[in-house]
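Enquirer: Sequence:
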Amino acid sequence: MLKIKEIENKKAWEDFLNKIEFYPLFQSWNWGEVQKKLGFKIERIGIFDSDKLIGICLLVDVAARRGRFFHLRHGPVFLEYTQDNVNFLLDYLSSKGKQKGIRFIRVSPFIEKNPAKSLIFSQKKLINAPIHNQDAEVCWVLDITKSEEELLKSMRKTHRYLIRKAQAMDIKITQTTTVSDIDRFIKFYNSFSHRKHFTPHKGIREEFEIFSQDNQAVLISAEFAGEIISSSVILYTPKMAIYHHSTSSEKYSNIPASYLIQWHAILEAKKREIPLYNFWGIAPEEKTNHPWQGLTLFKTGFGGYKKEFVHAKDLPLSFLYWKTYTIEYLRKIKKGY
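Numbered continuously in this note's numbering, the sequence shown closes out at residue 477.
Calculated directly from the structure, the hints in this document are not laboratory data.
A hint or two may mislead.
Unchecked claim - Computed spacing ranges between beta-carbons, pair by pair:
#1 Leu437 with Ser235: 44 to 50 Å
#2 Asn429 with Ser393: 20 to 26 Å
#3 Ser235 with Leu292: 51 to 57 Å
#4 Leu407 with Ala365: 20 to 26 Å
#5 Ser235 with Asp283: 41 to 47 Å
#6 Glu288 with Leu142: 45 to 51 Å
#7 Tyr232 with Glu413: 44 to 50 Å
#8 Ser294 with Arg471: 34 to 40 Å
#9 Ser294 with Gly366: 31 to 37 Å
Glycine included, every Cβ here is placed at the ideal spot set by N, Cα and C.
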């Protein structure tokens, strides 16, 4: 018999997640702590079959201007996705949401895109969310269990050359888990986002502060001529390293420091015996004018393969949802996604 129970034990939560082949970052315990620091209400829900934990979901209650909703980023997570399991959880969340005046529930399970699994999330009046692919829905992944020599060989020729060129230059690579160092990165990052005309992520400091407590967040920087010219925030979970945030200097754009940072980050992941390196989101192949095309070219040049997951789904609980739908759809079109 299926039942719902709140989970309050971090080890139990993470032990469950580490059974999953592809680590769902936004369902991690630490991500829940980040959301709390940002002022969101969260719940860590366990789905049990008798006394066996078969699924979890980190529920974030989002009070957005466009409408309040329950957000399950990379969730729900089940050992086995069945119609009964998914329906049971959605029924529970729907009842809870209606009591709280929620407009809709948004789920984006980290399961590979295929007709059979997509069908499970086409029931219960779930519809495709009117947003572009987010949260690494289409991502680029590298198996780093190979030797350093094999990894270099599998890269695009240009990437190999630029890494070696950077190694021959007077570039100093540093890495830190000190929280105070992230403030300089954020200032650098905000300037970079303004220059590149994209909306900067919020909560980077809170993310770094929480994940670095478990030695899971590292700031890697490249220094040249006494200046930091490129930096990246890498997350190191037990099963996957994640290239999550980055910034670079326009002044030294001809120096391939970002290539050397990625190589350093990959070697750090190998040292930690992490099997996968996730370069995070890339542009869909069919969208040749996508804003991420340049970034996609950079990421795919390191070798690896594409992973594509089911698109986020919404379960409307109120007719007001359609106002939110329209706002988000128009925003997506305006941004060129």
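Enquirer: Hint by hint, note whether the structure agrees.
Expert: Now for the hints, and whether the structure bears them out:
no.	hint	in the structure
1	Leu437 with Ser235: 44 to 50 Å	holds (47 Å)
2	Asn429 with Ser393: 20 to 26 Å	holds (22 Å)
3	Ser235 with Leu292: 51 to 57 Å	holds (54 Å)
4	Leu407 with Ala365: 20 to 26 Å	holds (24 Å)
5	Ser235 with Asp283: 41 to 47 Å	holds (42 Å)
6	Glu288 with Leu142: 45 to 51 Å	holds (47 Å)
7	Tyr232 with Glu413: 44 to 50 Å	violated (38 Å)
8	Ser294 with Arg471: 34 to 40 Å	holds (38 Å)
9	Ser294 with Gly366: 31 to 37 Å	holds (35 Å)
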